[in-house]
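S.K.: Given next are the chains, with one letter for each unit.
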Amino acid sequence: MSRDIYDIAIIGAGPAGMAAAIEADRRGASVVLLDEQPRPGGQIYRNVGIATPRQREVLGQDYAKGDALVTALERSGAKHLSDITVWQITGTGRIAYSRKNQAEQLEARQVIVATGATERPVPLPGWTLPGVLTAGAAQILMKSGGLVAEDAVLVGSGPLLYLIAAQMVAAGSPPKAMIETQTGSDLQAAMKHLGGALRGWRYLAKGLSLIAQLKRAGVRRYTGAGDIKVLGSDRAEAVSFTWKGRELRIETDTVLLHQGVVPNTQITRSLQLDHRYEEDQRCFVPVTDTFGLSSSPIVSVAGDGAGIGGAAVAALSGQLAALGALHRLDLITNETFETSSAPILETRAKELAVRPFLDRAYPPSQQTLKPVDTTIICRCEEVTAGDIRRYAALGCKGPNQAKAFGRSGMGPCQGRYCGLTVTEILSAENGISQQETGALRIRSPIKPVTLGELAAYQEEEHA
Amino acid sequence: MFTPLETASGRQVTFNFDGREFTAQEGTPLAAALLGAGVSEFRSTPVSASPRGPFCMMGACFDCLVQIDDVTVQACMTPVRDGLVVKRIPRPDVSAEPHDSAPQGSENSREALRA
Ligand code: FES
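Chains as they are written, first to last, in my numbering: chain L, 1 to 463; chain X, 464 to 578.
Think of the hints as simulated: they come from the structure by calculation, not from any bench.
Treat each hint with caution, since some may be false.
Simulated DEER-style distance windows between Cβ atoms [what the hints assert, rightly or not]:
1. Q475(X) to M191(L): 24 to 34 Å
2. E484(X) to D4(L): 16 to 26 Å
3. K79(L) to S511(X): 43 to 53 Å
Heads up, simulated EDC-like pairs for lysine to aspartate or glutamate below, C-alpha to C-alpha not over 20 Å straight-line [as the list claims (entries may be wrong)]:
4. K100(L) to D545(X)
5. K100(L) to D481(X)
6. K100(L) to D533(X)
Glycine included, C-beta positions come from ideal geometry on N, C-alpha and C.
In isolation and in its complexed conformation, chain X is listed as follows (with noise of 0.2 Å):
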């Protein structure tokens, strides 16, 4: 668990992530106000659909890919801003889809990818 090292001094400001509404410091990265609001888990892989959450916190591992306006983004590289709508990186069907064809699935991803 994450807590706070002191109370907040600058602008707080809401935003939602997976239908749930938090308040955080303006500009403070997503990655870090989500941790510090109990929330660990921000999205399961395509391989197995197991969960996962932030990992390096300096952009370099991908763990904590979320989507904003439809971009999938790194959530500790992406700034809190007042109204952010964020979401979870919607659940694929492992069992539908055999891993062999998964090649061409993840390059896909990939390029829609913003760091």
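So that you can see chain L by itself, here it is in the shape it has in the complex (with noise of 0.2 Å):
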């Protein structure tokens, strides 16, 4: 049977995908680009390709800056693969995908792995309630359903929550309230990091306009909130909290949570690459050199995926993995490789000053890391906080055996929402770091497959 075989095959059309995509393309490679959306720009630009001069607006410059990267791919020979479910990657560059319900698959010498982030579980009781939503699922109904939430209460801390708020107040609908997680000792911690912000001053002028842009909004900002829960019995009708030695409530049933994102490893996981636990930014990333080589040699990771930088960065991360590819494919000289790179590297540098200051002064609250026992934090099989602690007593060292105690992991998320509040737990009650705790293992099919899908995918192998 023939199969399509491309230099290097990339998963994932947000910037990181795209620019490497590019520059591949660019250097003479064959390319292909596999994408879950039916258009290019991931989350960050996603449908910036076909936006309104309205959602232009509401939503700003830096989601503009998409357009440069989606029509660079458009006119390059990469090819595009969109409305695409990967469901399997072998070490070996095979990828079995289904497209409009139908197996294929192909083979590529360079994978490069750009899944980018999803939000940190945020587990609150009530945060499964309907109404409860991310906060970047909020900013993706506006990016691609047209719609703005309305008297909605922020909850959780973070710069993408006041650049979601912002972009509520432009639409005309401020948010009712932003209960923000982050306190003052977090700030100060941050300060010693002062110097590196300043160094990335850019994002730290733009996070202080934003919260201007809010305070003459008139947004109410409650920070250094506590004890959050979202109430209601069908569907959120409020949400309540602590603040300055105060107990509050605010009527809403949109709530919006966010605790910043994380790398998506859920293919590296499933590629059995190493990972190691990053303590600044309390999770897994994928162990990768400079240029997002991981721990196996034909697969790169870049972007949010290898450890959380930004656009910006991650768009310079996939240029740097697509001149690592092709370097090690030998289609660009040494000296390519290195002159091209070097300016990258530099530049990707100055991005990623203002992080350690911003990871310090936006950590995940303590009432997520560590939710009270009767919190859902398995959001598919309901298991809670108290089970996992439980377990932990009957001996449950790491989140794939928590899994065979009590289904935290097993559900068709695969662990995506639960596993690192898993590991967080049990790296806690039994006094074990994160890093040897572990992370839940992923097995293949990465995101579920119908049944024929499966038997055509079988069929093909044997033919």
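Build the complex from these two chains, which are given one at a time in their own frames, with help from the hints.
M.R.: Following this line, the structure appears as structure tokens:
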């Protein structure tokens, strides 16, 4: 059976994947770019190619920056496969995927995983109620649903929360309130990294201007809030929390949660690449070198999936991963590799300078890292934090074992929204580091497939 | 609640969810179309029959599951087409099935999903 063979296959058409595809194509490699969405952009630049003037006005300049990449990608010779569900990648570069319910596969000499980030789990009482979404989801609705949340309450912390709030203000629908979890001592801890923040002053200035916009719009902010609960029986009705020693309650049917984003490591874990627990960002990241090369000689990771850096860093990392892959394939000379990568490495270092400050100023809240016993942490199988603590008492050491104890991580989301919490709880209970506690193992299919698709795939295998 | 950013300019189509007719712009993610129409509860969970709706809007949480042509799909990853008939996933009889027997059931339902 013949199968398409490419020099470089890239998974994910966000800034990292698009930049990698453009770079690799322009230097003569045969490139295929596989993506889940109908249009390139990833979540950050989602739908930018067809955004209306109104959407552009609301979403702002940083969103419009996606235009250049999307246009360059469309002009390039890279083959872009959209509406794709990748469900298996092997260590030899074979990629199995479905498109329009049809199972297909291809092969690549080098693979660049650019699957970006997902929202960090925000396990709070009531976070499973209808009407509770991630803040990122609300932003996606502006980009691809043409919708804005009305009278919503934003809960959590991080720069993205301010951006989304400001976009809601621009849309004429300011949030009813922002319940923020970062504290004064977080800011104090961050101050040690002010030097870096000043080198990345553009980000800092932007953050301060967003906060000023919210103030002008009269958005009420409650910083240092704790004991946050979403209340309601069949859907969200209110949020309660403590603030400056007082108990407060705000009525709302829409609650938007955010505690920063974490690398989406489903594919890198399914490939059994080495990962390490990143203390500063409190998440697992694949182990990579400067060019994103993982513990496999044919797999690189670019963008937020390799560690959170944001869109600008992601695009630069995508270029670097492409240069690394081209070099390994002998498609560029040593000299080209070195002269082309040097300026990109320098720019990336500047863009990353603000990170240590941000990581410390907006850490995940203690309430979500150590949820109270009754809080559901696995949304799919409705396993609570208390359940995980009981497994620990019974000798459960890691998240893979926890799955056997009580099914956390066994539902359709495959631990995307509970894995990190399970690791944090077990680590705290057992007094073992997060690194040693480990992450959930991911087996293919990475995304659920229908039996029909599997059958078709197997037939093809044996043909 | 979610409200439109502007008057829709694209082609409007009708679809059906749980026996009710809705209109939306063609190609809009089904989950967005329903949220925009004020529907935030899409299904109830197999474990405790608790109500659920879209959470991530990016294909990661699987809380937006609905059925189209008897296949379970993610509503946030499914574009609206004219005449689409969408059903709620049949409510499981929680009392009849002890939780111990869940593993088999859940594994099957996972295979029947289409991302
Ligand atoms: S809303 Fe999360 S998968 Fe659809």
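S.K.: Against this structure, judge whether each hint is valid.
M.R.: For each hint, the structure was consulted:
{"no.": "1", "hint": "Q475(X) to M191(L): 24 to 34 Å", "verdict": "violated (53 Å)"}
{"no.": "2", "hint": "E484(X) to D4(L): 16 to 26 Å", "verdict": "violated (43 Å)"}
{"no.": "3", "hint": "K79(L) to S511(X): 43 to 53 Å", "verdict": "holds (45 Å)"}
{"no.": "4", "hint": "K100(L) to D545(X)", "verdict": "holds (18 Å)"}
{"no.": "5", "hint": "K100(L) to D481(X)", "verdict": "violated (24 Å)"}
{"no.": "6", "hint": "K100(L) to D533(X)", "verdict": "holds (16 Å)"}
The structure fails hints 1, 2, 5 (numbered hints given earlier, in ascending order).
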